[in-house]
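Asker: As a plain string of letters, each chain reads:
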Amino acid sequence: MIPAAFDYVRVESADAAIAQLAEYGDDAKLLAGGMSLLPLMKLRLATPSVLVDVGRVSELSYVRDAGDHVAIGALTRHRDIETNDVLARECGVLRAVAAQVGDNQVRHRGTIGGSVAHGDPASDLPAALLALDATFVAQGPGGTREIAASEFFQGFLETALAPDELLREIRVPKTGANGFAFEKFNRRAQDFATVGVVAARTGDGTHVGLINMGSTPLRATAVERALAQGASPSDAAAHAADGTAPSADLNASVEYREHLARVLVCRALEAL
Amino acid sequence: MNVGVTVNGAAQQHDVEPRTLLVHYLREACALTGTKVGCDTSSCGACTVLVDGESVKSCTMLAAQADGMSVTTIEGLAVGDAMHPVQQAFHEHHGLQCGYCTAGMVMAVVSLLEEIPDPSEHDVRIGIEGNLCRCTGYHNIVESVLAAAEEMRAQVR
Numbered sequence: 001m002i003p004a005a006f007d008y009v010r011v012e013s014a015d016a017a018i019a020q021l022a023e024y025g026d027d028a029k030l031l032a033g034g035m036s037l038l039p040l041m042k043l044r045l046a047t048p049s050v051l052v053d054v055g056r057v058s059e060l061s062y063v064r065d066a067g068d069h070v071a072i073g074a075l076t077r078h079r080d081i082e083t084n085d086v087l088a089r090e091c092g093v094l095r096a097v098a099a100q101v102g103d104n105q106v107r108h109r110g111t112i113g114g115s116v117a118h119g120d121p122a123s124d125l126p127a128a129l130l131a132l133d134a135t136f137v138a139q140g141p142g143g144t145r146e147i148a149a150s151e152f153f154q155g156f157l158e159t160a161l162a163p164d165e166l167l168r169e170i171r172v173p174k175t176g177a178n179g180f181a182f183e184k185f186n187r188r189a190q191d192f193a194t195v196g197v198v199a200a201r202t203g204d205g206t207h208v209g210l211i212n213m214g215s216t217p218l219r220a221t222a223v224e225r226a227l228a229q230g231a232s233p234s235d236a237a238a239h240a241a242d243g244t245a246p247s248a249d250l251n252a253s254v255e256y257r258e259h260l261a262r263v264l265v266c267r268a269l270e271a272l
Numbered sequence: 273m274n275v276g277v278t279v280n281g282a283a284q285q286h287d288v289e290p291r292t293l294l295v296h297y298l299r300e301a302c303a304l305t306g307t308k309v310g311c312d313t314s315s316c317g318a319c320t321v322l323v324d325g326e327s328v329k330s331c332t333m334l335a336a337q338a339d340g341m342s343v344t345t346i347e348g349l350a351v352g353d354a355m356h357p358v359q360q361a362f363h364e365h366h367g368l369q370c371g372y373c374t375a376g377m378v379m380a381v382v383s384l385l386e387e388i389p390d391p392s393e394h395d396v397r398i399g400i401e402g403n404l405c406r407c408t409g410y411h412n413i414v415e416s417v418l419a420a421a422e423e424m425r426a427q428v429r
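These protein sequence lines are chains B and Z, in that order.
Going by the working numbering, the first sequence opens with residue 1, and the numbers climb by one from there.
Going by the working numbering, the second sequence opens with residue 273, and the numbers climb by one from there.
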């Protein structure tokens, strides 16, 4: 499978990427690691006429301790997240989730920012970042703005990023030594999760993120509320599918996904 | 566009379309057909090569993204007639059946052992999850990887 023809531009800085987006508008797509975009282009489900390759914008590849949060450059690769020492200390859950994205080859290329900007509800990191109340920093022609994770994921592969914006940084509140659990259920190694659950203890209670339970990554708000009211893990997990709208596909029916959500949330809460 | 890649230590320069995938650049422009196209959907790992020392699936990377970088394919592992320890171990432990996945499997393992020189069997099984053997010959592949790891550690000592 060969992508449709496009023009290719490589940029070395975030500013240069913004300038290219301003010039080409909706016809351009940013290319980071390409682990999500290139498969779509090979299937010709995406046919951008210009690819702006930001893969070598090294200024956006970093993990920094920023006081109350960890700041992660959007072009930080999954491998660098899964092996990062700052995250081991301050946000182990993110390391654990990144370590199960795809396979080694995918983690060598794929970036956290690319995963977030793609906005796939079946991806692991967006749901983890939603559960952690992360903040996303977008850069556009007029400067930068912060977007809360709860406002960011708007629909299937749709985010709050404007066509002329670049995701620069992901800010993740520290969870320190708090407990966390990641339950990913799939039928074959390296597959996307049929359903996945990220649970983390934070300063304001236990947060639970759901993977592949709707058109966007979701929070299991009914579970979180039940836990806050003192429910046991199994009682709280009974609410895991409340308010979700999973789709049916070759891997699972709606009912099976709802069942998986309840089982996996229960396992995650019991492991905390 | 002109894409220059150092492949197995030799400079390659080819005028290709921007949409050219790295695997096609290697097989068609460089005439290095050891790297296989399997699923073509970044699932099977048959097309695995090293880019700047790390395993990647060359069906899901543009040649343009590798411009100026160093790529190692299965043809670049042996030194003269001496096979790389991973190749040697696959040979001795019969880590292949039909052989179609082998080039990609070997390249993935070279990268894996760079990151985990002393892997457990579990590390190996997880570490090669991006490479599918349709013959389901994993048992001997895992044996081969563990033997290669031991041999490479012995060579370092």
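Treat the hints with care, as some may be off.
[Stated by the list, open to error] Example chain B residues on the side facing chain Z (calculated, C-beta under 7 Å, incomplete): (1) P3; (2) A5; (3) Y62; (4) D65; (5) H69; (6) N104; (7) Q190.
[Said to hold, decoys possible] If you want the ones that stay clear, here's a sample from chain Z, every Cβ over 10 Å from chain B, calculated: (8) P290; (9) C302; (10) T320; (11) H394; (12) G402.
[Said to hold, decoys possible] Pair ranges (Cβ atoms, derived): (13) A245(B) x A354(Z): 57 to 65 Å; (14) Y62(B) x T278(Z): 26 to 34 Å; (15) R187(B) x N412(Z): 20 to 28 Å; (16) Y62(B) x N274(Z): 51 to 59 Å; (17) A16(B) x P389(Z): 35 to 43 Å; (18) E364(Z) x G25(B): 40 to 48 Å; (19) R187(B) x E422(Z): 47 to 55 Å; (20) A354(Z) x V254(B): 54 to 62 Å; (21) P141(B) x N274(Z): 26 to 34 Å; (22) Y62(B) x P389(Z): 46 to 54 Å.
Derived from the structure by calculation, the hints contain no laboratory data.
The structure presented is a predicted model; accordingly, all values stated were derived computationally and were not measured.
A virtual CB, placed ideally from N, CA and C, is assigned to each residue, including glycine.
Asker: Confirm or reject each hint.
Answerer: Each hint, compared with the structure:
no., hint, in the structure
1, P3, "5 Å, holds"
2, A5, "6 Å, holds"
3, Y62, "19 Å, violated"
4, D65, "24 Å, violated"
5, H69, "28 Å, violated"
6, N104, "6 Å, holds"
7, Q190, "5 Å, holds"
8, P290, "4 Å, violated"
9, C302, "18 Å, holds"
10, T320, "6 Å, violated"
11, H394, "12 Å, holds"
12, G402, "3 Å, violated"
13, A245(B) x A354(Z): 57 to 65 Å, "59 Å, holds"
14, Y62(B) x T278(Z): 26 to 34 Å, "27 Å, holds"
15, R187(B) x N412(Z): 20 to 28 Å, "24 Å, holds"
16, Y62(B) x N274(Z): 51 to 59 Å, "31 Å, violated"
17, A16(B) x P389(Z): 35 to 43 Å, "39 Å, holds"
18, E364(Z) x G25(B): 40 to 48 Å, "58 Å, violated"
19, R187(B) x E422(Z): 47 to 55 Å, "33 Å, violated"
20, A354(Z) x V254(B): 54 to 62 Å, "57 Å, holds"
21, P141(B) x N274(Z): 26 to 34 Å, "31 Å, holds"
22, Y62(B) x P389(Z): 46 to 54 Å, "27 Å, violated"
This entry does not satisfy hints 3, 4, 5, 8, 10, 12, 16, 18, 19, 22, going by the numbered hints stated previously.
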